[in-house]
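*Asks:* With the sequences and hints as input, model every part of the structure.
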Amino acid sequence: MASTPITILIATLGQYVSPSQEMLDRYGGNENIQNMIARSVQQANSSGCKITTIALDPSDHSDSIERLTEMLKGTSFQGIMVIYGLRADQEYTPLFEKVINTVKDLWPTTRLLFNNGPDDLMKTFERGLSVRMS
Numbered sequence: 630m631a632s633t634p635i636t637i638l639i640a641t642l643g644q645y646v647s648p649s650q651e652m653l654d655r656y657g658g659n660e661n662i663q664n665m666i667a668r669s670v671q672q673a674n675s676s677g678c679k680i681t682t683i684a685l686d687p688s689d690h691s692d693s694i695e696r697l698t699e700m701l702k703g704t705s706f707q708g709i710m711v712i713y714g715l716r717a718d719q720e721y722t723p724l725f726e727k728v729i730n731t732v733k734d735l736w737p738t739t740r741l742l743f744n745n746g747p748d749d750l751m752k753t754f755e756r757g758l759s760v761r762m763s
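Residues in the sequence shown are numbered consecutively from 630, following our numbering.
If you are wondering where the hints come from, they were derived from the structure by calculation, not from laboratory data.
Remember, it's a predicted structure, so these values are computed and weren't measured experimentally.
Using N, Cα and C, we set each Cβ at its ideal position, and we do this for glycine too.
One should not assume that every hint holds.
Derived lysine-lysine pairs resembling DSS-like cross-links, with alpha carbons at most 30 angstroms apart [said to hold, decoys possible]:
no. : residue 1 : residue 2
1   : LYS702    : LYS752
2   : LYS733    : LYS702
3   : LYS727    : LYS679
4   : LYS752    : LYS679
5   : LYS733    : LYS679
6   : LYS752    : LYS727
7   : LYS702    : LYS727
8   : LYS702    : LYS679
9   : LYS733    : LYS752
Cβ-Cβ distance ranges computed for the label pairs, FRET-style [said to hold, decoys possible]:
no. : residue 1 : residue 2 : range
10  : SER691    : THR633    : 30 to 40 angstroms
11  : LYS752    : THR633    : 20 to 30 angstroms
12  : LYS702    : GLU726    : 16 to 26 angstroms
13  : ASN659    : LYS702    : 13 to 23 angstroms
14  : SER632    : SER688    : 37 to 47 angstroms
*Replies:* So this is what it looks like as structure tokens:
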């Protein structure tokens with residue numbers, strides 16, 4: 630376990646958007662997706678990370694970016710993961726761009742992390758932060 634926690638913010642769509650049918654089919658349903666995410670977060674925390682999440686509302690960009698800005702002003706994150714669903718759906722591209730530009734403007738040296746699904750969180754942390762997690 631690292632002596633100083635690796636701080637990671639995960640930007641999700643949270644309660645605002647349900648997984649697509651494709652994601653539900655690929656990963657065996659919503660409960661299984663939630664379990665994969667919970668296991669990965671628990672494993673990351675056990676490996677010396679401190680995971681924080683923020684749910685962004687694609688129907689309210691102003692509120693989402695305001696909450697993200699407040700969170701970024703209050704904490705220094707070594708990595709910020711933008712989940713696959715936020716950047717893969719064209720409908721959410723404007724919010725995705727606002728998130729990336731907000732992070733870049735406030736924390737230009739923070740590593741940006743991009744996962745490929747709920748089973749890819751640990752690999753993404755390792756790849757994006759150049760660390761080995763147990």
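*Asks:* Against each hint, give a clear statement of whether it holds in the structure.
*Replies:* Now the hints, each set against the structure:
1. LYS702 / LYS752: Status holds; Cα separation ~27 angstroms.
2. LYS733 / LYS702: Since the Cα atoms of LYS733 and LYS702 sit roughly 13 angstroms apart, the hinted pair holds (cutoff 30 angstroms).
3. LYS727 / LYS679: Holds, at about 24 angstroms.
4. LYS752 / LYS679: Given pair LYS752, LYS679 holds - Cα atoms ~16 angstroms apart, limit 30 angstroms.
5. LYS733 / LYS679: holds (21 angstroms)
6. LYS752 / LYS727: holds (25 angstroms)
7. LYS702 / LYS727: holds (16 angstroms)
8. LYS702 / LYS679: It holds: about 17 angstroms lies between the C-alpha atoms, which stays within 30 angstroms.
9. LYS733 / LYS752: holds (23 angstroms)
10. SER691 / THR633: 30 to 40 angstroms: holds (34 angstroms)
11. LYS752 / THR633: 20 to 30 angstroms: At roughly 22 angstroms between Cβ atoms, THR633 and LYS752 fall inside 20 to 30 angstroms, so the hint holds.
12. LYS702 / GLU726: 16 to 26 angstroms: holds (20 angstroms)
13. ASN659 / LYS702: 13 to 23 angstroms: violated (33 angstroms)
14. SER632 / SER688: 37 to 47 angstroms: holds (42 angstroms)
Hint 13 from the earlier list is the only one contradicted by this structure; the remaining hints agree with it.
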